[in-house]
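Chain by chain, the residues:
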Amino acid sequence: MANHSTATSHADFVQHHFVDAEQQFDSAKMGMWIFLVTEILFFGGLFATYTVFRVMHPDLFAEASKELDVLWGTVNTLVLIGSSLTVAMAIKSAQLNQTRNVAINLCITIVLAFIFLMIKYFNWMHHFSLGIYPGTAYSFTGIDNPHASIFFSLYYLMTGLHGIHVIVGIGIMTWLLVKTLKGEFNSEYYTPLEIGGLYWHLVDIIWIFLYPLFYLIH
Amino acid sequence: MNELSKLFLPPEGSTLAHQTDTLFWFVHISGLILTVGLIVVIVYFVIKYHRKSEDEVTPLITHNNTLEITWSVIPLIFVLIVFGWGYKVYMEQQTVPDDAYEVNVTAQQWAWGFDYDNGAHSMKELHVPAGRPVKLVMTSKDVIHSFYVPAFRLKQDVLPNRYTEIWFNAPKPGRYQIFCAEYCGTGHSQMLGTVVVQKPQKFQTWLAKNKGGAAASNLPPAKLGKQIYEQYACSTCHSTDGSKKTGPTWKGLFGSKVQLSNGKTVTADEDYIRESIEKPHAKIVKGFQPVMPSFQGQFSDDQINGIIAYIKTLK
Amino acid sequence: METAEKTSNLKKIQVQRYKPEEDPKDHYLNAMKGIWSWLTTLDHKRIGVLYLCSITFFFFVGGLMALMIRTELWTPTATFIQAHTYNELFTLHGSIMIFLFLVPSVPAALGNFILPVQLGAKDVAFPRLNLLSYYLYITGAAIVICAILSGGVDTGWTFYTPYSIQTSTAVTIMTFGVFVIGFSSILTGVNFITTIHKMRAPGMTWGKISLFSWSLYATSIMQILATPVLAITLALVAMERIMGVGIFDPSLGGDPVLYQHMFWFYSHPAVYIMIVPGFGVVSEVITTFSKKHIFGYWAIALSSLSIAFISFLVWGHHMFVSGQSAMASMVFSFLTFMVGIPTGIKMFNWAATLYKGSIKLESPLLYIFGFFFLFLVGGITGIVLSTVALDVHLHDTYYVVAHFHFVMVGGMVMAFLAGLHYWWPKITGKMYNEKLARFTCGLIFIGFNVTFLPQFVMGAQGMPRRYFNYIEQFQPFHQVSTVGAYMLGLGFFIVFVYLVKSIFTGEKAPANPWGSRGLEFQVPSPVPAHNFEHIPVIVHGPYDYHKPMDEFQLGIAGSGNGHGNTVDATLKTNGKEIKAE
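Those protein sequences? They're chains A, B and C, same order as listed.
The first sequence maps to residues 1 to 218 in the working numbering.
The second sequence maps to residues 1001 to 1315 in the working numbering.
The third sequence maps to residues 2001 to 2581 in the working numbering.
Hints are supplied without guarantee of correctness; some may be wrong.
[Said to hold, decoys possible] Which stretches of chain C does chain A cover? Using the computed rule of at least three CB atoms under 8 Å from a CB of chain A, they are:
hint : stretch
1    : 2034-2041
2    : 2117-2131
3    : 2229-2235
4    : 2280-2292
[As the list claims (entries may be wrong)] Derived DSSO-like pairs (lysine-lysine); straight-line CA-CA distance at most 30 Å:
hint : chain 1 : residue 1 : chain 2 : residue 2
5    : B       : 1052      : C       : 2011
6    : B       : 1048      : C       : 2019
7    : B       : 1052      : C       : 2025
8    : B       : 1052      : C       : 2547
Everything labelled a hint here was simulated from the structure, so no lab data went into it.
Bear in mind the structure is a predicted one, so any value in this text is a computation, not a measurement.
Where a beta carbon is used, it is the ideal one built from N, C-alpha and C, also for glycine.
Whenever a hint applies, use it, and build me the whole structure from the sequences.
Next comes the structure, spelled out in structure tokens:
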């Protein structure tokens, strides 16, 4: 994997301040892992808020959760897990110098991400049509509890923030696809794929926590 | 130590103030000894080991585990002592005696209101009997405030939609300053009050006289209005001498033409004053912020008439 | 040039001495010309300088606000402004000083510049991310300025709910600005941690990195763990203002104390983020100016890490009277006492370093002594405040204001000025006016004490903070404090003047004006564009004053201009042990 420079200059893809490709690759991975820790703390604040309100209103949460469609939530979960699989496969293909497969796997990842967003969009539209809005715009009468809106506010905030991360992820995957089509990745160098993949896996894992907390609490 | 307290701390107005002060001085004097000690050592080193020539060689001293442990353990013991002692005093501050006399406190932007067990009500001045435990049950009408009496060494945040408690026993009659100690907006520093500690007899008299709210309504209207002006803390935001405070001055107000923030001009008549008391945000005077709390439901017609009459006297 | 053979576990490498050039013709300042080369630079040193200029600007903006506050407080009632303006001034003073000055100051301005050089690297791990960090800082700062121009904010820098939800001032814009600046801070943390782990020169084991590097490591850990929580908390405040989501405002079903928990979960580590880099500077300056090995290297290094860890457990000491349970208060109090112990350990170790040293009282060291006294007072008063029984009386009074100014200004700003003076020759290639520096250090020290000592007394007597008006008995204290503030302001201004002047008319600085053994002083002043023209090899720690200077200037033999090397060996720069003797 790493490039041992025994001759005079670095390979093209090794940046000037690094001694060799291995140092660059290790640094990139470490940097991305640390960034992912910050993302966990970022979402962590929301998970903590969720916990506080669920402990305060356990019955409300159970009842409100019924308004969410478990079927589509489950489909979305599978869609995202599938997209993580295709990202991993893209990296594997890069390691095997199969540029075409890298591109195909990235394409499928992007398509799956779009499917996820579309399903979320339709979910949200459905809720809006019932008057389930975040905050003071909430006008749904189907739950007999003055605090009902907090469950849905948290739902919109957390799936919304997650959705923003999915959109950013689509951007990253697209950029990686462009670079793949330009032939920039091979078994010697696929660092951006590796760290892009790490980011995508985090986005997947966050959903895997969101899903049961919102959809599966009866 | 009492001399030090007189110089640096407020008067000891409650039974727990002295204990708190003793702990205060223990930590400070120990800290002072450590500070002076460390500074003396450093100054001594700086003088004694002043560089004599650029070729000087210093000995290689990398560490000393014994010293390291010593100056970790001794401070640790010190803080544990302070913690333990502080715990004792804190528990006394927190544990409300069973026979405490209860008063309800309501904080709002920007005044303190007090309600007593016989239905009496006062604003700004908290009357309490001397020599007996008093418990305050507090809540806020709007944002977070904090009830602070320096002389009692006591403070407790006052929250909206919740009740918090504090207790004290003030042995000596007297007047003690109340501050709001949690920033709450424009009038935060004006949200003052006084704890009026009275001998039990005097307190009972006061209580009986104030039963049923503000002063008896056999006062002439203008005098009633003046009393309300002071007791309900209108004075916090409205002057009577023409000076600009958080709210418009009452001097010369009645009958004048008032310019509003929406460009319209209205006359400050009886209706205007009544509306300003009950729906203060309906008309905002130009150059002022919409920050006045509503007093809807708090005043009887007689009382509102009294306020209007008082304002009429302020030419 | 001497050639020596050093034995390693793996193989022998030939090293030679690389003496730093005096008065170099080419360096990082003239490597590329023009403003565009500065705005698009990837050079950590230039980015450090950009930060330095920006934070200096905001320091003076925040300082001007401080002077306006203190001037208003000359009289017990309105002096020249109204309550609303006053409330906005203290909010902005706090927010600007904390987010736009203190948090970036040593890490982003000095750390960016010095860290890679001290590690023997050519740059940080992610130079482009570094530039992005700077632009995020500038963007966030611009958004904060927009908030000021949109009518300002009057909540205090703490943005307590529900007031911050209900007030009509520009809270939403302001929180967005702070949110963006937070990401600048987070990315700097990511960069530094990776750099310290992955970019050390051959021979630089963890036991040989500078204590300044250790302090930046501990700071970066706090930055990455704490700042995201602030970001989400402020984002929730903005969401509540815009959509009314009801998390913090009780009238919407929320809990205002939850806000305090989330806010302080970041903001307590934040104060350690602000001071720990200053601790790093202290270690560097004390050893250099006493020409002596640091006493207790591992004690100091590990105490930084333990402070980083414990700092996450003490946030509730800001909330003793908030309505949290007595049990919670006791636990937080206990843990707060604990976090004072590693800090105390540092102070004792630094004092012990002076023992049998060869002490020269030059300006960087004078600033450090200023730090010593002022931080000690600040720290002891922190112990006072940790005692719940006492905090009940002192919370939200001027005692707290004095405490945090003692540690932040008396501690951190003094340490920052020490570092600035210490590394000024490396950054600019010039020496400043030493006499003026010593005088101004004294002026700042005295001015600071005149400003803030009276505040301890006022606070103990019950003077609350954030008060536009005050009762008459406190006027003498306020007036003394205001006089001090002007002295302090004058002092800072003089520092600015003589430092800037030195850039134009200062004496040219030698590579190593202080005789330090630090790696950054083994390269020319100003630092070359790529830091090192060779691959440095480290055989000693940076405090080994008993070793001759040339043993700190070793590099791979023949590694000439830094790109690749002509030695037949694989270089791993993750610090494999090279047996020195």
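Item to check | Violations among the numbered hints, reported as their numbers in ascending order | outcome: Structure breaks hints 1, 4, 5, 6, 7.
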